[in-house]
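Let the hints inform the model, and build the full structure from the sequences given.
Chain residues, written in single-letter form:
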Amino acid sequence: MKPRIGFFDFTGCEGCQLSVLNLEEEFLELLDLVEIAEFREVMSGQTDSLDIAFVEGSICRPEEEERLRAIRAKTRTLVALGACADTAGVNALVRFRDAHQVRRHIYGDDHPHLATDLPRPLSEVVRVDCRIPGCPIDGREFLDVLQALLMGRPPELPSYAVCVECKLAELPCTFDRGDICLGPVTRAGCAAVCIAGGDRCRGCRGLIDTPRQAPYWRILEEAGLTEEEILKEFRTFNIAGKGGR
Amino acid sequence: MKIEVRHLSRIEGHAHLVVDAEHGEVRECRLEIVETPRLFEGILKGLHCTDVASVVARICGVCSHSHSLASLAATEKALGIETSEQTRNLRRLLAYGEIVQSHLLQLYFMAVPDYLGAPSLFPLAAARRDLLLRALRLKKLGNDLCQVVGGRAVHPVSLCIGGFSSLPEASPLQDLRRRFVAALPDFEATVELFARLEIPAFERETEYLCLQEKGYPLFGETLVSTAGVHASVAEYRSVLSEYVVPHSTAKFARTKGKSHMVGALARTRNAFAALSPMARTVASALGFTPCTTNPFHNLQARLIEVVHCVEESIRLIDRILADGLRPEKVQPPQGGGCASAAVEAPRGTLFHSYVYDDRGRLEQADCLIPTAQNLANIEADLRAFAPTLFPLGREEFTRRLEMLVRAYDPCISCSTHLLRVSFV
Amino acid sequence: MPMSTLHDREGVERPWRPMSRAEIEALVRSLSTAFEVIGVRERRGRLTLERIDDPAELRLDFPPHVHSPKKYLFPNWERLFRFRTAGGVLLEPDTAAVPRVIFGMHPCDLHAVRILDHCLYEGEADSAYRAKRQATVLVGTDCTPDAHCFCSSLGTDRVEGGFDLFLHRLGGGYLVQVGSDRGEALLRRHAPAAADRPGDPPIPLQAKECTSRLRFRSESLSPLLEDAYDHPVWKSVGERCLGCGACTLLCPTCYCFNVRDRLDLDLAGGERVRTWDSCQFDRFTRISEGADGRADQGDRQRHRFFRKYRYLWEKHRRTACVGCGRCSRECLSSIEPVAVLNELFEERSTPPPAPDLLPGAEYRPQPAQILSVEDLTPTEKLFRLRLPTPPVFTPGAFLAVSVFGLGEAPFSIASPPNAGAEIELVIRAAGPLTRALHRLEAGESVGVRGPFGAGFPLESFTGRDVLLVAGGLGMITLRSLLLSILARRSDFGRVHLLYGARDVPHFLFRNDLLEWHRSGIIDCRFAVEAPRNEWGLPGAEVTHLFRELDVVASRTTAAVSGPPQMYRFVNPLLLRLGFDEDHLFLNLERRMKCGLGKCGKCRINDICVCECGPIFPYHRVRHLREAIER
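Chains as they are written, first to last, in this note's numbering: chain A, 295 to 539; chain B, 47 to 470; chain C, 15 to 644.
It is worth saying that the hints were derived from the structure and are not from the lab.
There may be inaccurate statements among the hints.
One side of the interface only, derived from the structure: several residues of chain A facing chain C at Cβ under 10 angstroms [said to hold, decoys possible]:
(1) Leu327
(2) Ala442
(3) Val479
(4) Thr504
(5) Pro505
(6) Arg512
The structure presented is a predicted model; accordingly, all values stated were derived computationally and were not measured.
Every residue gets a Cβ at the ideal spot worked out from N, C-alpha and C, and that includes glycine.
Printed below as a string of structure tokens:
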């Protein structure tokens, strides 16, 4: 019997599930290997047990917690799909604001049904077996992780930084044009797509295991950033907001 | 009879459908939006103008390009930055790409299963492989166009204030043009498929609202509706007001106290004459007329728009390549200001409005999202449609109501990111 | 694979023929029918090395800020073979290398290819590299160095061979130099008009002007680093390093790689691929259970420097760096080899500034008290001195001893370095100065300078068997080494001492010798030239002792110390026994005068003995014609 996989989403933009669908032909080949048992965005129906669940989005409310626990209970391997699930993504920026005030500002009043907890990554609620970082995820990496799981070996993410892929792509260094970039401390695996597009790395894939904080901070400080600005730079996608410190 | 469909499938984001009807009368009819509010306004506040577009893209994975385009337009207007014709052409091309991929995703993956009696397209992988392959092939065209122009299919990376931080190359554009032309038989087959679908008969008058520009609406400065709205985009808040309903984490929006519709059907109705020749051919093949008031005709309108965008993309690529792609010096943004801008996103008119302080930091942001505008109309339609379905039995009753919701292609992930309310 | 088949008849004088830009473009067009043509072109506002479809796009004059051709000869992603996950027949398509021509090889990059050849053809040649290398035609062009280039310090700013064609700029056009038979044939086939042209005289290769320069000769790099293994500079470089690996990935000679399996989508098969790896990465040296032999970034950077400037120098007699500057150009933390190496060099060559540096101060001896004087032989006395401060030295170092009015002379230190401020010297009465010293008694003072010189690296002996070969006064130096070894006896394997002298009374340290011999703590063998002697030894040279010697050369380190003529016989014996050149140390004492590397009296060819010696590993001096009497 084919392994049964499911896709689930919580608070997020569903761009990661879309990136899976965007694999197009490869997605079709995938259907020969696995049975897609649940994928609410493009299919109806639910299932009782799953071999692998790919879960997108962060967890903000008790109902979401409950739904995530239920998914965990029926799943052998749970994979955090994308930045929101992995690190709470951009959602977590709200941690640095006063949520009540923000709600009042947005909705005109602090309606109780709008109350949310602070956005959390999945791993703060349930055990997460492995993760696919990025905002959005890289389709190729999704396939790599899925292949590894199907072959029964632990998936391995690159341990080196985006700089590596940037250099290999022969891209000019973002710092050379006077901009700053999180490439030196951010986990590779995206082929430096943002830098190729003329943007800078904003760290959506999270930090590498051992970011070299001291030299990196020194470089940012030499570029004229204050501590607050450096922290702000890290916060966009990195919940800890400690800037690797 | 009471139905409650939790976590409605084949829509973007989370909503429950609750209908309570008895003795031929609908007592209650709600689209409960249960998606968690992400409070994007709080996230945006304090961001530097150069970071805003890339963060707002994260509001929605399906229409990230539209959010970026609306955001950049608002920022550029606020900071007084002009864009070149090359930039405008490329951004238009990007918008076409997004409409193509978003509409085809909805048509094939979300709508078609309803009409073929399947829970999704996947079980058809064996029996209707041609259909699935065609769906993937066509959707890929839209994605690849976004990828080539925006640098990535989801969340663009090559746009920046004032223009592009990285220009596409000529050869992939030529390649896309060739593939668009080669895909016309696939589009013909798609039109044939949709022409055969049995569309529920249901009519309800409502107000249709969209932007107006010289051609088919995409980046207009004027807001028009079938009820006589004619206002500049800057005044959108006096035309549209938002309100909070207890069963929704998304705000609802309305014009002058009534519900209205935005999106493909609104645009094709309001600007039918501006459609490309091929799109009009498709319209007649589908039996579509611009005076329809059937919300299910959103499907036809979407397919018509897809063909329109493909045809326009081919022309636009020709023009861009004939003009030659030239790297442009983009002036770095300076100072502050405030402005509003709107684009026609796949699901309808999308407004972004910003106030920047003089250091270029975002002080106040307001986004009005198409689905928020459609929510009230969806509920009004459900209310009118449900009584006609009582004889069909519970299952069919539920299925038809779900189909109606899906016809709107609501994007809940988007709609819960509503921002500042103007009447606070 | 021998280089000669690649660059046959290298060095053969061939004509340099004029060629116009238009002709070069025609050549590119023609080559494109048979080869993939690679070159530098502008793409999206930057220069990249890639496929050239339109010859007009080919840039021949470009700054060095471009990737190296390594990416074609040793690509980052290379399929080694295909496999089926569950066995079964597998028909593999021919993986022959794509025939390519790479235009725009700067001299440094041509040198880099030679280094890759050295490394990858060594032992069992890397077949994947070889296939690409053989299928690739290299066309050189010249360049203008930028602020990061330091090719002129490494002699890689010019190149005489290693290319098929080289395009020299001359006025508005080019002179094409043919470097191989293949180059000649290609020129004949694809640019016949140019090939038929009579040759112009070669233009002299121009030395480049690099603003970034090593302040010393590249030959000194290896010894410089040898002494700098524990230098604090690595820690400070490590603290600046981001660990991004850009330095190694962009290096034209770095080729470390990883091998992994890439599965097909259907999991039924896949390919084993190799990808570039970097010694700067976290997982590079990590083994199971997380242990990492080089976990510290400073250690990783040191490794990189040692690989580039020392380890491969020791093997191939050339640095593995070609001075292209890519590593420093792309380093966000500005870790620049030239700056690091110059700093190391300067620190070593400049003694720490003393507060009272009067003119001539470094020549001024310090007083040392004579603690005891002992007769060792009829002609040699052992002096025990106390120096003003405890000296720092390694066995093999020497002390300069003065008698005002009679001058100063160097003497080998006979005691081990661990004896506090006390030091022992053996002095043979041979001239006025030494005879004057022999007249001194305990309690008196002499003037001393030093210790000077580099002695035996004890780490090269640790954990191994030791063979000491002494002749005459050479025993003095070896005693210092031997006592150091005996102080940590258990750190070493078997220790053999072979000691030859004129006659038994001339043996130095006879008490020590007898004690060592009797205790069996080391294996002692003696030879004297005198046929009849009090110890009953057969009259023979020290080489005679090798006959019954039982040593395993591969695990033994040898130290040889004796009169110059002794090396002539002992070295070949040791090499024949299989001693490797890194584990054979020679004491090459010369006329060491100033001890400061200035006076020039102790030079052996270009090496200064008092600074780099007097103890040398054999490989360091093998190539020096003056080192060993032949």
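Status of each hint after checking the structure:
With a cut of 10 angstroms, the hint placing Leu327 (chain A) at the interface with chain C holds, because the nearest CB-to-CB distance is about 7 angstroms. A hinted interface residue such as Ala442 (chain A) counts as satisfied when its beta carbon comes closer than 10 angstroms to some beta carbon of chain C; here the least separation is about 9 angstroms, so the hint holds. Hint on Val479 (chain A) holds. Least Cβ distance to chain C is approximately 8 angstroms, under the 10 angstroms limit. The interface hint given for Thr504 (chain A) holds, since its Cβ lies 6 angstroms from the closest Cβ of chain C, which is under the 10 angstroms cut-off.
At about 9 angstroms, the closest approach between the beta carbon of Pro505 (chain A) and any beta carbon in chain C falls short of 10 angstroms, and the interface hint on this residue holds. The beta carbon of Arg512 (chain A) is positioned within 10 angstroms of a beta carbon in chain C (closest approach about 8 angstroms), and the interface hint is therefore held.
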